[in-house]
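Undergrad: Quick note, the sequences are listed as chains A and B, same order.
Each residue of the first sequence is one higher than the one before, counting from 0 in numbering that gives the first Met the number 0.
Each residue of the second sequence is one higher than the one before, counting from 0 in numbering that gives the first Met the number 0.
Hints listed in this document are in silico derivations from the structure and should not be mistaken for laboratory results.
Warning: the hint list may mix true and false statements.
Listed below are the simulated DSSO-like cross-link pairs for lysine-lysine, each with C-alpha atoms no more than 30 angstroms apart in a straight line [to be verified]:
| id | chain 1 | residue 1 | chain 2 | residue 2 |
| --- | --- | --- | --- | --- |
| 1 | B | Lys500 | A | Lys19 |
| 2 | B | Lys500 | A | Lys62 |
| 3 | B | Lys57 | A | Lys19 |
| 4 | B | Lys163 | A | Lys62 |
| 5 | B | Lys274 | B | Lys163 |
| 6 | B | Lys57 | B | Lys163 |
| 7 | B | Lys163 | B | Lys179 |
| 8 | B | Lys492 | A | Lys19 |
| 9 | B | Lys57 | B | Lys531 |
| 10 | B | Lys179 | B | Lys57 |
| 11 | A | Lys62 | A | Lys19 |
This structure is a prediction, so every number in the text was calculated from the model and none was measured.
Residue-level listing of the chains:
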Amino acid sequence: MTLRELNPGQTARIDEIDAKQPGVVRLMVLGLIEGAEVQYENSAIGGDPMEVTVHGAAISIRKQQAGCFRISPI
Amino acid sequence: MSEVETTYVPVENISIHRRASASIAVIGNPNSGKSTLFNRLTGMRQTTGNYPGVTVEKHSGTVQLENSALELVDLPGIYCLGGFSTDERIAIDVILGRIEGTPSPGGLLVVLDATHLYQGLYLLQQLMEMQMPMVVAMTMTDVATSSGIDISIEVLQRHLGGIKIYPVVATTGRGLDTLKEALETITGAAHPAIPESWPELSSTADELVARCEGRLPRIDVIQALIHPDGRRAGLLEDHLGAEEVDKVREQLFGDEPPQACEARHRYRWVHDVLKESLHQAPLIERYGARGLRWLNQPWPATLLFFAVMALVFQAVFSWATPMMEAIDLGASLLADQVGEWLPAGAFSSFLTDGVIAGVGSVIIFLPQILILFLFIIILEDSGFLARAAFLMDRVMRTVGLSGQSVIPMLSSFACAVPAIMATRVIPDRRDRIATILAAPFMTCSARLPVYALLIAAFVPDESVGWFNLQGIVLLGLYLLGILGGLVTAWIMKRSALRGPKPQFALALPEFRRPNLQTVMIKLFDRARIFLKRAGTVIFAVAIIIWALAYFPRSEAIPAELQQAIAQAETVYSGARLEQEILGLQNTAAADQLEQSFLGRAGRLVEPVFLPLGWDWRVSAAVIAGFPAREVVVAVMGTIYAVGEEAEEASLTAKLRSAAWPDGSPIFTVPMVLGLLLFYAWCLQCAATIATIRRETNSWRWPLFAWTYMTVIGYTGAFLIYQVGSMA
């Protein structure tokens, strides 16, 4: 399961990241790394981009990049 | 030698403004309260300058300490030393002393946001690698406490190798005295220990520094390893050979992107440090927070965005109009006064029609610009603009841009100059240039007087359903501008600026109440930059246009005017006479303009604009408008012999009755619609061209933008006129 399949309000732990896909490194620099707990807070209309929080910091992420983050829901 | 009487003043009564002894860079994440702290420390003793060769403004100020003074340099907020955007690259270059004429700072004041330690400690680690003296200020401690965050500063300091952390509340000033005491000794402070988050990188860096025999500083070696495409990479490869460096990289990073490896190591370390030093109490959500959460949902947030934007534009226009009218009236009254004091002639005309009108045409934009800036700064500081970028990302993606282009495009509804400067946050150069090319299409405040004049003259004041026809045409012109901009971005992103899809990874700050001092300082700063950048160009253009419209003077026209007045005096008297004289004077002014350089130019280019249905007068006014579109109304006033300060009604009457030699009207509906479209799409603004040149650092893009916009404006006007006239 990847981050793009998460439902609003759900929390998950990041297991694996495909860092070679475009735009993913920038998200990792903002704190989305393996082992981090992310919560899906909100989205724009249509569900894209998504707003996720990690350690209280909100980050906007597009669905396309969200698909590069393999997660397990908590 | 004469004797000098000496008076002694108690030392505590002397207020001392010491010269700054060292320069300290203030650095931290965006929205960390860095600027508020900077403003608190430096008060009003700030200056804004430029870094040579780059477009980002240098904000610096002096902080007066007990026994010394320091220069503080406020850097753009960044998340890492990676350099994704122009702002980030500038911050890094300043810290590393890579900007010519700006020596490396003597130390760093690092700002950590207590509510966002996760990202703050990431940047702090990278800064610790630089081996510079540093003092850490922890802001937002009050917000952290009220959100149930309990931070053990002592534990944190231990993990940071003994760096001192000073908790402050920048908005109230709590903790500032202790921070200032620490700054007093900053340059002598010991370098922080290197964090142990990535021992392999540390040992490799040490080894490579030794192999380069100290000719490359440690931080450059690390940057060269992590950024293979960066500017430092070449230096390291020169010393060790490209193959050798690649081998080292492979050992460290495998086949993963180096920055991803760095993020993994450093954030893991941050995670461990926070586990020991930070305790988050379970949150009891207050009503306010719950309300904000509800507003953050997709539909409410989007509706709120449009409501706020509608409110902002409403305020910009309804508040600014009385002020703009007052400025306009003031300028013309002043010009009349000066005109009466001075004998008629070139000098009087230069002062009244050139200088005073020129200054007036600059400051008339200030009310709208200041009000719009005020709103944008408040929205920016409260975290709303980042949300707007988030909400609009999907829409912008359809034309190949990202949500980050939304903010500059909103600004350009007041003026394209600050909008183009606001594109600096866009990381990718191609996206940034596409946004710069789209921004001048938005209906700026200088287009409005022309729209207002032509709409009032030629669009009937009728209702269509619930709406007013004139209002619909105005709205249509706004939409035409937006459409032109978006289509341009779409075309550019598919041709000359084709590249990978724009990335959109944005930190979303929470909603915060903006700080008044920060807002006012920013507002003052942006107004100053606007006056300097746009004001000087607009003023110079006004003087040039005046000269072209004034010279050469015909001797015959004033003589004929005197004769005609003398004749009129024999026929009329009283009010009628005054009216006749005014009419004769206006005709004489129109005759003078006709044989001036501007009038001759109008005649010269008339054949070019004839297919659009324009006579030489309209052509001359359009030529005058190319450097600055706002002068068009004044030129039309003179050219149609109603005087520059004519009542709108008399000018519209003249326009309506203007005719070709065969008696058919010039201003037909297709011709007016074409003219409006021409104004909507043409880049008639020297200030914008100069700003594009500055921000893209070449003449290529301003020349392209000018040619492209002129061609489509002309073609559009041509098609509308030709097709419309066939019917």
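Undergrad: Now, for every hint given, state plainly whether the structure supports it.
TA: To see whether the hints hold, each was checked on the structure:
1. Simply put, Lys500 (chain B) and Lys19 (chain A) have alpha-carbon atoms about 15 angstroms apart, close enough for the 30 angstroms limit, and the pair holds.
2. With a C-alpha separation of about 13 angstroms, the suggested pairing of Lys500 (chain B) with Lys62 (chain A) holds against the 30 angstroms cut-off.
3. Note on Lys57 (chain B) and Lys19 (chain A): the hinted pairing is violated, with a Cα-Cα distance of about 35 angstroms set against a maximum of 30 angstroms.
4. For the hint linking Lys163 (chain B) to Lys62 (chain A), the alpha-carbon distance of about 41 angstroms lies beyond 30 angstroms, and the restraint is violated.
5. A threshold of 30 angstroms between alpha carbons decides the hint, and for Lys274 (chain B) with Lys163 (chain B) the separation of about 20 angstroms falls inside it, so the pair holds.
6. Annotation: proposed proximity of Lys57 (chain B) to Lys163 (chain B) holds, straight-line Cα distance about 27 angstroms (limit 30 angstroms).
7. This hinted pair checks out: Lys163 (chain B) and Lys179 (chain B) have alpha carbons roughly 13 angstroms apart, not beyond 30 angstroms.
8. Simply put, Lys492 (chain B) and Lys19 (chain A) have alpha-carbon atoms about 23 angstroms apart, close enough for the 30 angstroms limit, and the pair holds.
9. Between Lys57 (chain B) and Lys531 (chain B), the direct Cα distance comes to roughly 15 angstroms. Compliance with the 30 angstroms bound is thereby established for this hinted pair.
10. Using a Cα cut-off of 30 angstroms, the hinted pair Lys179 (chain B) and Lys57 (chain B) holds, with the two alpha carbons roughly 22 angstroms apart.
11. Of the pairs offered as hints, the one joining Lys62 (chain A) and Lys19 (chain A) holds, with about 16 angstroms between alpha carbons and a cut-off of 30 angstroms not exceeded.
The structure does not agree with the numbered hints 3 and 4 stated previously, though it agrees with the rest.
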